[in-house]
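For the sequence shown, the residue numbers in UniProt numbering are 1 to 929.
Think of the hints as simulated: they come from the structure by calculation, not from any bench. Since the model is a prediction, treat every value here as computed from it, not as a measurement. Among the clues, some could well be false.
Only pairs whose alpha carbons sit at most 27 Å apart, straight line, appear in this in silico DSS-like list of lysine-lysine [claimed, not checked]: (1) Lys100 / Lys87; (2) Lys384 / Lys478; (3) Lys524 / Lys591; (4) Lys460 / Lys518; (5) Lys87 / Lys132; (6) Lys640 / Lys591; (7) Lys9 / Lys96; (8) Lys524 / Lys571; (9) Lys535 / Lys524.
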Amino acid sequence: MADLRGLSKAHVILLATHICAAGNLASLPLLQARFPTTLPAERLLRIILTFLPESTAPQHYTPVVEQIVYGTQSVDAGVQVDVSPVKGLSEAAARKRVRKLRLRPLRYDDDDDDDDDEEDEGNRDNKDNDDKLLTWFLIHRANRIDSETGLQPLILDLLLPFYQRLSTIRTWLVSSLLPLLRLNYEYYPGREASLSLDVLELMDGHTAINVLLSMTGGDAHKNNTMDLVQNLRGLVGSWIYGSNRTKRRKLNEAAERNSIALVMTDEVGSQRASGWQYVNEWLLARSLVDRESVVSAFTNWQGPEDVDLGGYAEANESLSEGDRVRLRQRYAQSALASIYANPESSQSALAGSVQVLAKIAGLVGLQDSVSLSLDDQGLPLRIKFEAGPISATSRASLLQNALLVSSNPLTWPSAPAVAFLGGVLQSAQILDELGHPIPCRTAAGVCLHGHEDLQLLELKNVISSITQNTRSRRDWTKVRQQLLWLRDWQTLADQDRPAYHGLFWRVPRQTVEAEILKAMLAAKEYQLAADIYTKAHAPINLEQVETAVEDSIFEAYDNASNGNRTRGGMKRAYEILQTFEPHFPESANFKQIRTLIAATHALSFYSLTLQHGVPFQPVSIRVHADPISLIEKVLDQNPKSYTKLDDLLSIGRNLVAGLGTQRADTADQATVTAERRIIALAISAALAAHDFGTAYSYILTRMTPPSSFSPTVGDGVSDDISWRAVYQAGRYRSPPTTGPPPSLDGQITQLSQRMELLSLALVLSPSPDPLPEILGAWRRCDEELAVLRAREADEAELWDRKGDISSSSSSSVPGGFGPTDTEQDAFDTARQRARRARLRAYEGGGEAPMGLFDVARGAARAFRSNISPSTTSAVPATTTATAATADATSTADGERVRKRDMVSNMVTGGLASGIGWVLGAQPVDRSQL
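Hey, can you work out the whole structure from these sequences and the hints?
Encoded structure:
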């Protein structure tokens, strides 16, 4: 043994520093044993902290440290102490050097393992004091190794000999060192920047959890779905294990004071529970951006009790059974919340949610409350739960910041909550299968907070998605069963049982069936729909079936782009009508629809374009204020279409019958009016095409009144259509032509026909107002006819003269035989008599062309039959006076006056008095003229 005698206190301290700096601490226990007052355990530990290189392997000095603190082993007398480093120093020099030493404190600056108001060390027993000294030393030494070398495995070697004895070191190893070792060396060894002890220790719980879990997905070569599970078990689980440490508590309390947590627990029993609540929040937020990893976490991780502490501690250490149940429930709530918060509606997302629900229900012992199985027909089983607490939730319960509140009955794990969520998920799966995917939150909102109209609208949207998806043919028997299950979450076999709830539970069942019927018809499942809804025990009454079928027909009709009933929407409408009309033989609505389709089909054979170049579509008929006017467009846009009058009349009758809502009597009146309008339109079209013959033919065959004719349509309604059409034809004049003019006979014939039409217009006129105009037109035609008759007489006379000249010429031919002078005189006399006879016959007053007076008197009788009784009392006297006046005027001044001349005088000289005479009114006193 070296001679240690004569070493002063200063020399001993300097010698200890030299030993530590040399890295050979074996002689320190001996030196301490010789100078116990100069080198107490605390001072020696501080010297080691200050002068022992941090890169020294802990195996070389941890036994020495243990012996220094506890003195458990006897000092080896064979150990040599080299005193040469201080032997030559004087006492004064040694003291001076000692005064310059700056020993590090035993406690690390940032470590507060005990309360600040801890009792004086002297009041503690020696063992507790020694443990505290060693704990301070180890933590300080660990931080020095990390900051100076970054070799964190050396720290583990430093702590391993002591963690089982020192609870604080064990907690610190598990909660601080173990996450760093796993993060930097095991899980993510390829990271460029490693996390240090200083940085990790300065984090509050919320920040540390975010940092540790944010490593998920950082390695492209790893399975990210299991990566999160690994981090939850190995990183976060270890970190939260030390949440009750004094320093960690202070950091967490400061963080909570300076920030607002999204969700705070109602009963935070410990800092560990608070830490796990941060994890729940992180998982909920993460599920919005990395759904697959979170689903893997919920299905492969058992929650806060499933942590990997490396075998250094027990997971449930210091947790009571109540704490474990509470942590488990909070974790289960975060899983249910993530299902509601999932914005995706794909099959994979729904399948993941179903897996999470099944796993979590089993974790909290509620696996019997959720039913995710299917029956033999592929339909979910009946959903049973207590709907009271669930139905009482508000819309706010589905908001993001309310999903983790413990008072939320939708997410807090309970039998009704998991059963209801199971029904929502199965509903979402069925909707996805039907081609209408929606997120879980949306489905829950429709189910809980949607009123009847909103649920019905959503149901119609679902059905619309089904019918629009024509890529695959569906089994509509199953589709109907699925839609009915969505309503009340029970199969057809359970319909006699009370329904608990359902996605469309507020919509009456018969309304749902009616919408399904419409969907079947839209999908062209006509016979299946008829078999289901027209049988003896149909799910809805026949009135509703008729209404639904009618709506479907009109929907197809209105969406048709062509009026032909063998194409597109019209074909669908016609096929639906043909399928269901036999089941409703007395249906007036179906009869109307049939006539409407017939009219539309007939119109499709004509070219028809509406305003602004819009092609005709069937819906134009239903929305048009005056559908008969479409026939006018047909006549305008289709040359020679006026020749198909019977077809146009049939279209008009069907339009009236198909769109009319009048009583039987008014319907007949509407039909007559429509027919007269169409005939009038055809007459106008024929005149516009200069086809007077066709117009004249239509008038004679379609508008000539019978003997009992009255110029009204019915119920006293005046016919203001027919007389105008006839009057228009009576005023027609042939256009001038560039070719040879028409023959005189043709002109006379047309004028005679026009005068006949004008006479008919007098009969058809419903009131006396247009008579002056009609008579004026007739007078002009009469004047033209007189001129043409005169021309005809002149031409006849000229022809006779030519014949005479030819005859006389033939008699003067030599050898010819001609009449004698006596015969020639007799022939000339007979010719003059015949000419005078023709003139007298033409100018005779009783033979006015076309019998105008007979027509006028007939019109007068018609007017008298329609005027009031107060005016009819004067008719006989007036008629007698008129006859007397006619006889007087016919023999005035001993000469016979023609009636046609009298009509002409009436028109030109006194229309008022003349018309009154024609109508049988009191004549004007001639003596005063």
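- Message: So if I understand the rule, the pair passes when the alpha-carbon distance is 27 Å or less; does Lys524 with Lys591 pass?
- Response: Measuring from Cα to Cα gives roughly 21 Å; hence the hint holds.
- Item | Pairwise hint evaluation, Lys132 against Lys87, where the allowed Cα distance is 27 Å at most | violated (35 Å)
- CA of Lys640 to CA of Lys591, is that 27 Å or under? Violated, at about 31 Å.
- CA of Lys535 to CA of Lys524, is that 27 Å or under? OK: Lys535 and Lys524 at ~19 Å, within 27 Å.
- Query: Are the Cα positions of Lys460 and Lys518 separated by 27 Å at most?
  - Reply: holds (10 Å)
- Message: Run the distance test for Lys9 versus Lys96: straight-line Cα separation, threshold 27 Å.
- Response: holds (12 Å)
- Straight-line Cα separation of Lys524 and Lys571 no greater than 27 Å? holds (11 Å)
- Task: Take a quick look at whether Lys384 and Lys478 sit within 27 Å of each other, Cα to Cα.
- Result: holds (22 Å)
- Message: For a C-alpha distance cap of 27 Å, please report whether Lys100 and Lys87 respect it.
- Response: holds (19 Å)
Consistency with the previously given hints fails for numbers 5, 6, ordered from lowest to highest.
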